[in-house]
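Participant: Turn these sequences into a full structure, and let the hints steer you where they fit.
Residue numbers (the working numbering), protein chains in the order written: chain A, 44 to 322; chain B, 4 to 254.
These are computed hints drawn from the structure, not numbers from a lab.
All C-beta atoms, glycine included, are put in the ideal place defined by N, C-alpha and C.
Wrong hints could be hidden among the right ones.
Where chain B lies over chain A, by a calculated footprint (3+ residues, C-beta under 8 Å) [stated by the list, open to error]:
hint	stretch
1	201-212
2	222-228
Simulated restraints on C-beta separations [unchecked claim]:
hint	chain 1	residue 1	chain 2	residue 2	range
3	B	115	A	138	26 to 36 Å
4	A	138	B	20	13 to 23 Å
5	B	183	A	155	38 to 48 Å
6	B	124	A	313	28 to 38 Å
7	B	152	A	156	48 to 58 Å
8	B	251	A	138	36 to 46 Å
9	A	155	B	59	27 to 37 Å
Here is what each chain is made of, one letter per residue.
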Amino acid sequence: MIRLDPALSQKLVRWVLVSLTALTVSILVFIITYVLLKGLPVLGWEFLSTGAVDAGRGGGIFPFIVSTVFITVVALAIATPLGVGTAIYLTEYTRETAATRVVRFAAECLAGIPSIILGLFGFITFVLFLKLGWSILSGGLTLAIMVLPTIIRTSEEAIIAVPQNRRDVSTSLGGTRWQTVTRVVLPGALPGIVTGIMLSVGRCIGETAAVIFTAGSALGTPTSIFASGRTLAVHFYILATETDAFGMAYGTAAALIIAILTINTLAYWMMHRIMRKYS
Amino acid sequence: MEKIRVKGFGFAYQGGSVALENINLSVMRNEILGIMGPAQSGKSTLLRCLNRMVDALPGTSRKGSITLDGADIFSGEIDPDDLRRRVGMVFDVPVPLPRSIYENVAYGPKLHGVRGRKKLDELVEFGLRSAILWDEVKDRLGTSALRLSGGQQQRLCIARTLALDPEVILLDEPCSGLDPISTLKIEEALSELKSKYTIIIVTNNTKQAARVSDKAAYFLMGELVEYGRTKQIFTVPRDRRTDDYISGRFG
Chain A
44 MIRLDPALSQ KLVRWVLVSL TALTVSILVF IITYVLLKGL PVLGWEFLST GAVDAGRGGG
104 IFPFIVSTVF ITVVALAIAT PLGVGTAIYL TEYTRETAAT RVVRFAAECL AGIPSIILGL
164 FGFITFVLFL KLGWSILSGG LTLAIMVLPT IIRTSEEAII AVPQNRRDVS TSLGGTRWQT
224 VTRVVLPGAL PGIVTGIMLS VGRCIGETAA VIFTAGSALG TPTSIFASGR TLAVHFYILA
284 TETDAFGMAY GTAAALIIAI LTINTLAYWM MHRIMRKYS
Chain B
4 MEKIRVKGFG FAYQGGSVAL ENINLSVMRN EILGIMGPAQ SGKSTLLRCL NRMVDALPGT
64 SRKGSITLDG ADIFSGEIDP DDLRRRVGMV FDVPVPLPRS IYENVAYGPK LHGVRGRKKL
124 DELVEFGLRS AILWDEVKDR LGTSALRLSG GQQQRLCIAR TLALDPEVIL LDEPCSGLDP
184 ISTLKIEEAL SELKSKYTII IVTNNTKQAA RVSDKAAYFL MGELVEYGRT KQIFTVPRDR
244 RTDDYISGRF G
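Facilitator: Structure, rendered in structure tokens:
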């Protein structure tokens, strides 16, 4: 058995950990730079503000930006109240019982379902059975189901992290359970809840399989939630698999990445501000 | 006049672990009752029964009764949220809410539907003055309560309770984490408050009980060992166990 000098082994461990971190960061940086280098030349005002020409070989991505935003907004408008409500119920209104464990287990299972299967479910349920057709609404509903577990789990964790003694203070001052939830628990849990929502926004924007089945791939700009629309990710997929317009595909990818980076930055900035306000 | 009467009261937590057994005592209006005793003696449990904070715990059981102005607090005629407005509580560690000083004190009144800047301003000033904190914070009511020192935070918690204009104030070892000067300020505030409120203070510090209370009770393992005038308990305790505790041979 070789015994390493403790100082040396410390150095070694440190060096290994630093390299692992550097590797992780460099993969991220590589992907982002590669996509931006390839995509940025295409990305201009005209690309962002006009519709597709010749199935996307020319023109821009304006309708797909609109579709992406619509679908994401619909998905989160549905998933946020459902998810946060469920999290509040599970943490504040019920004790840990067999029933709550089943609910939690179900949410975990939902999180494990591949998105393409959710897409199929959405197609059968929303598009065909409920006759919503390929539409922003069908896509949004399907994505809502997809992000629900994330929102439930992050909200639950954020709510549990609020110190119990703050709830006690509110109760001891004669606050009802609901008053305590809205005035003490939710403000304290807000940064965590917002993080969950932002993670979900990222997943909605990037999702392809679930929306191609449910929102369709219409080239036009959707004018209502009952219209079909093609999201940026779907557009990228179709460009890359069915056309040879790789330049346009990278332009779309660059737009996607920039959108996600911007949302994350905004989310962090917002969270920082909220945290400062409350502490 | 009798404010609170605890009669044959017993309390057990989930799983049947008995925290209090056959407690009998009464507290007069405008009186300070000091409750002493080592850890696990049931003193905090009694406090949490008096404002029904124990309601939130599963599987508890109780015997006997507690009355406030003659009405059984566990009966259906008293709403627990209203009871907690009338019987305020200050915890062992100061728990300022992550809001401004003003919002902390206004929190209780707002819960009970007090609206209007002027009314709230009055209540906040009243609470802070009564807790002897007003002069230290009046120029920075908008700053975060978390920036106050530990002693100031605890007085803020007292102010927050007082802003509801309660009838009884329960204090659960309010000075346990504080330095002697902060402790002194809180004791000063308490003796001022006596003229308006009925106060029950749980303390691990026998000297504090001797300084501030009119009546004292000594709890041990869920049993009320001795209860009487503070002067009597500290000069001629009837029970040997009380004597051991206050003289420092035990505890």
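Participant: List, from low to high, the hint numbers that the structure doesn't satisfy.
Facilitator: 5
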